[in-house]
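Sequence order for the protein chains is A and B.
For the first sequence, this note's numbering assigns the number 1 to the initial residue and increments by one for each residue that follows.
For the second sequence, this note's numbering assigns the number 1 to the initial residue and increments by one for each residue that follows.
Just so you know, the hints here were simulated from the structure itself, not pulled from any lab data.
Hints are not guaranteed to be accurate.
Note that the list lumps identical chains together, so a pair holds whenever it fits in one copy or between two copies.
Here are the simulated DMTMM-like cross-link-like pairs (lysine to aspartate or glutamate), alpha carbons at most 25 Å apart as the crow flies [unchecked claim]: (1) K96 to E82; (2) K354 to E365; (3) K308 to D207; (4) K45 to D360; (5) K201 to E15; (6) K180 to E210; (7) K45 to D268; (8) K45 to D359; (9) K376 to E365; (10) K201 to E242; (11) K96 to E327; (12) K323 to D60; (13) K323 to D241; (14) K371 to D207; (15) K180 to E77; (16) K376 to D268; (17) K45 to E77.
There are 2 protein chains.
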Amino acid sequence: MTNTAANIQCTVPVELGERSYAIDIGRNLIEHAGTMISEFAPGTKCAIVTDTNVNAAHGDSLRASLSGAGLEYHTIEVAAGEASKSSETLGIVVDKLLALRLERSDLVLAFGGGVVGDLAGFAAAITRRGMRFFQIPTSLLAQVDSSVGGKTGINSTLGKNLIGAFHQPSRVLIDVDVLKTLPEREFRAGYAEVAKYGLIKYPDFFDWLEQSHTQIFAHESALVDAIAKSCRAKAEIVAADETEAGQRALLNLGHTFGHALEGYTGYDGARLIHGEGVAIGMMMAHEFSNRMNLCAIDDVDRLRHHLKTVGLPTSIGDIPGDKPNVETLMGFIAQDKKVKRGALTFILTNGIGKAYIADDVPASEVSSFLKDHLSK
Amino acid sequence: MTNTAANIQCTVPVELGERSYAIDIGRNLIEHAGTMISEFAPGTKCAIVTDTNVNAAHGDSLRASLSGAGLEYHTIEVAAGEASKSSETLGIVVDKLLALRLERSDLVLAFGGGVVGDLAGFAAAITRRGMRFFQIPTSLLAQVDSSVGGKTGINSTLGKNLIGAFHQPSRVLIDVDVLKTLPEREFRAGYAEVAKYGLIKYPDFFDWLEQSHTQIFAHESALVDAIAKSCRAKAEIVAADETEAGQRALLNLGHTFGHALEGYTGYDGARLIHGEGVAIGMMMAHEFSNRMNLCAIDDVDRLRHHLKTVGLPTSIGDIPGDKPNVETLMGFIAQDKKVKRGALTFILTNGIGKAYIADDVPASEVSSFLKDHLSK
Numbered sequence: 001m002t003n004t005a006a007n008i009q010c011t012v013p014v015e016l017g018e019r020s021y022a023i024d025i026g027r028n029l030i031e032h033a034g035t036m037i038s039e040f041a042p043g044t045k046c047a048i049v050t051d052t053n054v055n056a057a058h059g060d061s062l063r064a065s066l067s068g069a070g071l072e073y074h075t076i077e078v079a080a081g082e083a084s085k086s087s088e089t090l091g092i093v094v095d096k097l098l099a100l101r102l103e104r105s106d107l108v109l110a111f112g113g114g115v116v117g118d119l120a121g122f123a124a125a126i127t128r129r130g131m132r133f134f135q136i137p138t139s140l141l142a143q144v145d146s147s148v149g150g151k152t153g154i155n156s157t158l159g160k161n162l163i164g165a166f167h168q169p170s171r172v173l174i175d176v177d178v179l180k181t182l183p184e185r186e187f188r189a190g191y192a193e194v195a196k197y198g199l200i201k202y203p204d205f206f207d208w209l210e211q212s213h214t215q216i217f218a219h220e221s222a223l224v225d226a227i228a229k230s231c232r233a234k235a236e237i238v239a240a241d242e243t244e245a246g247q248r249a250l251l252n253l254g255h256t257f258g259h260a261l262e263g264y265t266g267y268d269g270a271r272l273i274h275g276e277g278v279a280i281g282m283m284m285a286h287e288f289s290n291r292m293n294l295c296a297i298d299d300v301d302r303l304r305h306h307l308k309t310v311g312l313p314t315s316i317g318d319i320p321g322d323k324p325n326v327e328t329l330m331g332f333i334a335q336d337k338k339v340k341r342g343a344l345t346f347i348l349t350n351g352i353g354k355a356y357i358a359d360d361v362p363a364s365e366v367s368s369f370l371k372d373h374l375s376k
Numbered sequence: 001m002t003n004t005a006a007n008i009q010c011t012v013p014v015e016l017g018e019r020s021y022a023i024d025i026g027r028n029l030i031e032h033a034g035t036m037i038s039e040f041a042p043g044t045k046c047a048i049v050t051d052t053n054v055n056a057a058h059g060d061s062l063r064a065s066l067s068g069a070g071l072e073y074h075t076i077e078v079a080a081g082e083a084s085k086s087s088e089t090l091g092i093v094v095d096k097l098l099a100l101r102l103e104r105s106d107l108v109l110a111f112g113g114g115v116v117g118d119l120a121g122f123a124a125a126i127t128r129r130g131m132r133f134f135q136i137p138t139s140l141l142a143q144v145d146s147s148v149g150g151k152t153g154i155n156s157t158l159g160k161n162l163i164g165a166f167h168q169p170s171r172v173l174i175d176v177d178v179l180k181t182l183p184e185r186e187f188r189a190g191y192a193e194v195a196k197y198g199l200i201k202y203p204d205f206f207d208w209l210e211q212s213h214t215q216i217f218a219h220e221s222a223l224v225d226a227i228a229k230s231c232r233a234k235a236e237i238v239a240a241d242e243t244e245a246g247q248r249a250l251l252n253l254g255h256t257f258g259h260a261l262e263g264y265t266g267y268d269g270a271r272l273i274h275g276e277g278v279a280i281g282m283m284m285a286h287e288f289s290n291r292m293n294l295c296a297i298d299d300v301d302r303l304r305h306h307l308k309t310v311g312l313p314t315s316i317g318d319i320p321g322d323k324p325n326v327e328t329l330m331g332f333i334a335q336d337k338k339v340k341r342g343a344l345t346f347i348l349t350n351g352i353g354k355a356y357i358a359d360d361v362p363a364s365e366v367s368s369f370l371k372d373h374l375s376k
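With the rest of the complex left out, here is chain A (with noise of 0.2 Å):
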């Protein structure tokens, strides 16, 4: 066995006080989970949440690791998709840790994309009223995303993520490496949420981004950069505004759109997976706020141009299938948690690296914008 340490490439703290926590960023990191869990909690015991494919791909390297530091584990697999975000699964796997018997101080390990880090740190959020968790992300997208923040959750029919709470992770162990095996389009997706960042307020990251994409898509060094750097980003909002009372929306940027866009498809995933709905809800964000003459047209077109040479959706028009109608997503953006008091909360832009909260965006407007980008 190698030494831990030395495979940790990147450590990056999330500083919310009495719930902080650190990331973990490397290579081959699943054959030292036992290890890093261990130093962490001796002798506790761990509930591995994950779906069918993670489980397949990896479950044996991390069961193999566990077990050779000495640590008691059982597997809760559950499907693999967005349909897992339920509470009919979630009663499943809920219903499994405590039939474990485990403890508020043992472990749950959120193995897999975002579904399973937002279907079982909720299942610790609520189980014997918060057990102890690691987010052990193995998809782009949760790796830059949603295992940063402590947001857990499932779908209601009504919305997504409409169910959840605010748990935060005990620790965070991304292993670049299982990225290897994660499909191409999964992988772009993920990418989204990268650029996302650059977007919001890092225009020196975004930048680097158009320098260093190759690099990235190929998985060399730049790829452990751009996750380090997305984590260190997505960790200073977080940490700025732990509950979504101010700037933390700022990482919606894109995601009112991009809801919208999945509400409509009905998650189906061979249409529209979550990064691509995103990289379309960005691309119209910068749109949009071009119309209301708050971003120039060469950052739209700047970014347009990124998406497209690494291979991400830009409109509704790329989606395949049915275009939607103006009220089914004036719908679904009407339910999305940003609305407060009536008036639509969108975050807008001044330019790449410049977003803003804007909490009285005209539904009237939106509407308008929405029902011109439907007719290109």
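Add chain B to chain A, keeping to what the hints say.
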């Protein structure tokens, strides 16, 4: 309308940093709830979560008060009784809150006893990752126990309160006048939790209860004093240990045995209600402590005398129906959440007002104590 402030006889602060809140205790407060809510959150929408009994007795009074203050409200009624602390009822309440398009800053009013408080509080905790809520407890038990401290949750088939969250209310309104319509048996059961505070660490309060119980049961001003002292005691213990990492466990005095007894009766309120289980459990904790040479027999006898004086049960034999066997009770005890790494944790006592946490109680001693207790 009379002056609101004049009706508040006492305000108990619960000091929890950014989650601090106040408990207002007084007479005729429901008539003033609208004004009080309006001052706290002008223009908020309210979702009254209540049960059939409380809604029939006091719902119109609360609604009139909200209307009078110009507040929009909706009522979500659940069946009275412990069975409503289920994932099914939780799902119905959450879906209703979402369908009403209430926002995070809108207000859930938990208007009822402990069941409604736990259920509505948990629904508020997980809807949109945390809505604000007020507790307006209508049973003595809820007023002195579940409305203070932020424990919310539902039952699992594997045990009581195993699914839930810590979610602090924004405020608690305790109207002692609603207790006049509370069934005598419920009032008495709530009194068991009042007495518990004396037993834990306030021996003077227990002395005072021995002197004042007649006035308390007659709803005289001593009742306000008893509730205020109970809330202060609980607030003090909770403030020192919000998530039950340490001293807060003292509040579980009588609860490990009590929960096991509720479990064996299948939560059949005709046989045993929570406060009665706690009364028997507190008695058993004192008897067991005496058996372990920790507590003088005089204190055991003094407690038994007081509980009997106010009409509370003091032994398993007082529960109507078949007696449980030792194995059944031990099974419930082992599943209780106060188990840590296999060793049994109990709240034991060195005498009245001298409870402490014992985390190394041998299961064999408990088992043999139960055998003797059951054979009496």
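Going through the hints against the structure:
In this assembly of identical chains, the alpha carbons of K96 and E82 lie at most 25 Å apart whether taken from the same copy (20 Å) or from different copies (23 Å). For a Cα distance limit of 25 Å, the shortest separation of K354 from E365 inside one copy, 21 Å, qualifies, whereas the shortest one across copies, 67 Å, does not. Taking the closest pair of Cα atoms, K308 and D207 come within 25 Å of each other only inside a single copy of the chain (16 Å); across copies the shortest separation is 78 Å, beyond that limit. Proximity of K45 and D360 under a CA criterion of 25 Å is satisfied inter-copy only: 20 Å between copies versus 49 Å inside one chain copy.
Taking the shortest Cα distances, K201 and E15 sit within 25 Å of each other inside one copy (19 Å), while across copies they are farther apart (37 Å). For a Cα distance limit of 25 Å, the shortest separation of K180 from E210 inside one copy, 22 Å, qualifies, whereas the shortest one across copies, 72 Å, does not. Taking CA atoms no more than 25 Å apart as the test, K45 paired with D268 passes in neither setting, with 36 Å inside one copy and 34 Å between copies. Only between protomers do K45 and D359 lie at most 25 Å apart by alpha-carbon distance; the minimum there is 19 Å, versus 45 Å within a single protomer.
Taking CA atoms no more than 25 Å apart as the test, K376 paired with E365 passes inside one copy only; the shortest distance there is 17 Å, against 78 Å between copies. Taking the closest pair of Cα atoms, K201 and E242 come within 25 Å of each other only inside a single copy of the chain (18 Å); across copies the shortest separation is 36 Å, beyond that limit. In this homomeric assembly, K96 and E327 come within 25 Å of each other (Cα to Cα) only across copies, at 23 Å, whereas the closest approach inside a single copy is 42 Å. Proximity of K323 to D60 under the C-alpha cut-off of 25 Å is found in neither arrangement, the shortest distances being 42 Å within a copy and 48 Å between copies.
In the homo-oligomer, the alpha carbons of K323 and D241 never lie at most 25 Å apart, since the shortest distance is 36 Å inside one protomer and 54 Å across protomers. Taking the closest pair of Cα atoms, K371 and D207 never come within 25 Å of each other, the shortest separation being 32 Å inside a single copy and 75 Å across copies. In this assembly of identical chains, K180 and E77 lie within 25 Å of each other by CA distance solely inside one copy; the values are 22 Å within and 52 Å between copies. Taking CA atoms no more than 25 Å apart as the test, K376 paired with D268 passes inside one copy only; the shortest distance there is 23 Å, against 64 Å between copies.
For the identical chains of this complex, K45 and E77 are intra-copy neighbours only, at 17 Å inside a copy versus 40 Å across copies, given an alpha-carbon limit of 25 Å.
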